[in-house]
Amino acid sequence: MWPVTLPRLLVVAVLSLAAVSTPAPAPAADIPDTRELADFFDAAMARGLEANHVPGAVVSVVGGGRTLFSKGYGLADRENRTPFDPETSLVRIASITKLFTWTAVMQQVQHGRLDLHADVNRYLTTFKIPATFPRPITLADLMSHTAGFEDSAIGLGSRSKADVPPLGTYLAEHLPARVRPPGEVSAYSNYGAALAGYIVSRASGQPYDQYVQDHILDPLGMRHSTAAEPVPAALAAGQARSYDYDEGTYQRKPFVFDNLGPDGSISATANDMARFMIAHLRNGPLLDERTARLMHQRSFTADPRIDGYAHGFKEQTLNGHRVIMHDGSWERFQSALLLVPDADLGLFVSTNGVGGIDAVTQLLPAFFDRFLPGDRAAPAAAPGRTAAPVAGFYKPTRSVESTIEKVLTLTGSSRLRIEDGGKLAFVGKTWSPLAPGLYQQDGGSQRLAFVTNGAATYAATDGPAYELIPWWDTPPANLVVVLAFAVTALTAVLGLPLTAAIRRLRRRPTRTSRAWRAGRLFAGLAGAVGLVFIVLFVLMLTGETSILYGVPASLRALLLLPPLFLALTVAAITTTVIGWRRQGVGVLARGHQVILLAGMLALVWFCQHWNLLGWRFG
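The numbers in the sequence shown follow our numbering, run straight up by one, and end at 741.
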């Protein structure tokens, strides 16, 4: 659909290394030599930035409780020819901010002000989360992205500080629908992270950005980082810029204010992120030993044989090492943070161009193969919940039900086929059976497990999870609906004027009633309006329309057509019924009108089902 400057998660870069099942811990790796790190990154960045048209990047590596390597590459600001500096160049770390939010939550848990397993409504006063399901949502659910919220991208950003509403106001006015019971399956949620940050503010009595400054940044000596937007004047000179690249030219992206601050507002330097990584690897000083260990423990997985979440960190098993990580994408900045506790090693990398995701996708596997080699072979699969594979179309669990964005199901769902030998074809990959209900990617090591909860069937991978959708939500079924309407509508739009013209040329008198003629006219007009809407809507879906700052006027104007189409369809049905029994209407004309009205009702269903009637923007 319309781009919203929220690109793919960088987790795809490490999924290609994910082990086939959780193996025994890999041997602790030697701390890399600084010279080796420099040689590796100098070569890798030179290749990656040039090949992917990325202006610059910055990296830091920590191990043994200290920064082993940090360096900037290329330009942080093309216009001013400012080189990247790991000490002073601030990058927007986007969703890596969530790790600061989850750390803040654990601090409040440590102080006894918050309970990970209490209903979040205990901490909310001005608004409440609806009791859609018997089990309430907890902070633990928010941290593992299992609250069951739908997703939304409409209006996530603002162009100026004045346009950013208070966090509590935004959360109250943009409550997402609860589409599944909490604790069932992960579905990444920016809203959930922002809600957790708001609860920290309520518990501490401080705004989120000030809390992060006082309780995380200052204690760690992160002097060149901030959770405030815009970046404070004292740090603004070091702010890196981000860019799009198109046909030989770079276009600078504007600063976008995050309406859900705790999900992605932090700007930081690579050296400061090194301090944050060391704090988590060494379990202090942000959290006491017990709380830090709890935070790094697995908190959710759809199946124990695949990777899950560790209180906000995403788990991955890479070359036999357990990795806890997060990535972030915003304003074309692409960043990733990975911690390897058994090796006491951490890596942070950020690029400032849209092609950075490809550069990092190539960098991360090479880094692990060079400095953290391990056995990728599959040991015996551990026991787990088993469910038989079900063929059909699956949508990402991170999806929408209640707003116009629901239509993304049609463009974002993938078909799962069961092939000879029990193999699966899904999301552009083939998967071989590994154990009952568990599959391994051919040519890779990502795993997929089938999970059922009541009537819902999920295909959960080491990365995202997918939900089986009913046949009426599948792309083929809806293509049939749209084509059925389009064909019948064309017979009215083209055929009715032609028939009328022929009648006039032959000077044949009109024997049908006024009501019948009105029914035919309304049907033709409805067909024309419906066809125009379908064509323009497809163009908008595949074009460059952005909903980041809200619903654009062009889309609002386009959505005037479905109500008009509905009104014309109702008028066509009404007048057709009135004129049906009158004399002068032939069998062919009656049959054609019935087919026309059936096609129109099909499009009415389509518009209603996909939230295209009624300006449903959330």
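Treat the hints loosely; a few may be bogus.
To be verified - Below, simulated EDC-like cross-link-like pairs (lysine to aspartate or glutamate); rule was C-alpha separation at most 16 Å, straight line:
no., residue 1, residue 2
1, Lys552, Asp565
2, Lys194, Asp156
3, Lys194, Glu159
4, Lys546, Glu524
5, Lys194, Asp238
6, Lys376, Asp162
7, Lys194, Asp162
8, Lys529, Glu542
9, Lys251, Glu296
10, Lys194, Asp208
11, Lys529, Asp596
12, Lys376, Glu667
13, Lys194, Glu210
14, Lys518, Asp596
Claimed, not checked - Per label pair, the in silico range of CB-to-CB distance:
no., residue 1, residue 2, range
15, Gln731, His234, 29 to 37 Å
16, Gly291, Arg713, 53 to 61 Å
17, His240, Val658, 49 to 57 Å
18, Gln333, Ser677, 45 to 53 Å
Quick caveat, the hints were computed from the structure, so don't treat them as lab data. Note that the Cβ used here is the ideal one computed from N, Cα and C, for glycine as well.
Hints, verified against the model:
Simply put, Lys552 and Asp565 have alpha-carbon atoms about 7 Å apart, close enough for the 16 Å limit, and the pair holds. Between Lys194 and Asp156 the alpha-carbon distance is near 15 Å, which keeps this suggested pair within the 16 Å criterion. Between Lys194 and Glu159 the CA atoms are separated by roughly 13 Å; this keeps the pair inside 16 Å, and the hint holds. Pair hint Lys546 plus Glu524 does not hold up; C-alpha atoms about 31 Å apart against a cutoff of 16 Å.
Of the supplied pair hints, the one linking Lys194 and Asp238 is violated, its CA atoms being roughly 40 Å apart against a limit of 16 Å. This hinted pair does not check out: Lys376 and Asp162 have alpha carbons roughly 31 Å apart, beyond 16 Å. Using a Cα cut-off of 16 Å, the hinted pair Lys194 and Asp162 holds, with the two alpha carbons roughly 12 Å apart. A hinted pair counts as satisfied when its Cα atoms are at most 16 Å apart, and Lys529 with Glu542 does not qualify at roughly 30 Å.
A hinted pair counts as satisfied when its Cα atoms are at most 16 Å apart, and Lys251 with Glu296 qualifies at roughly 11 Å. Restraint check for Lys194 and Asp208: satisfied, since their Cα atoms lie roughly 7 Å apart, inside the 16 Å limit. Between Lys529 and Asp596 the alpha-carbon distance is near 10 Å, which keeps this suggested pair within the 16 Å criterion. With a C-alpha separation of about 15 Å, the suggested pairing of Lys376 with Glu667 holds against the 16 Å cut-off.
Straight-line distance between C-alpha atoms of Lys194 and Glu210 comes to about 9 Å, which keeps the hinted pair within the 16 Å bound. Restraint check for Lys518 and Asp596: the C-alpha separation of about 10 Å stays at or below 16 Å, so the hint holds. In this structure the supplied range 29 to 37 Å is violated for Gln731 paired with His234, their Cβ-Cβ distance being about 49 Å. Distance hint for Gly291 and Arg713: a CB-CB separation of about 60 Å, consistent with the stated range 53 to 61 Å.
Between His240 and Val658 the C-beta distance comes to about 51 Å, which sits within the given range of 49 to 57 Å. For Gln333 and Ser677, the Cβ-Cβ distance of about 39 Å falls outside the hinted range of 45 to 53 Å, so the restraint is violated.
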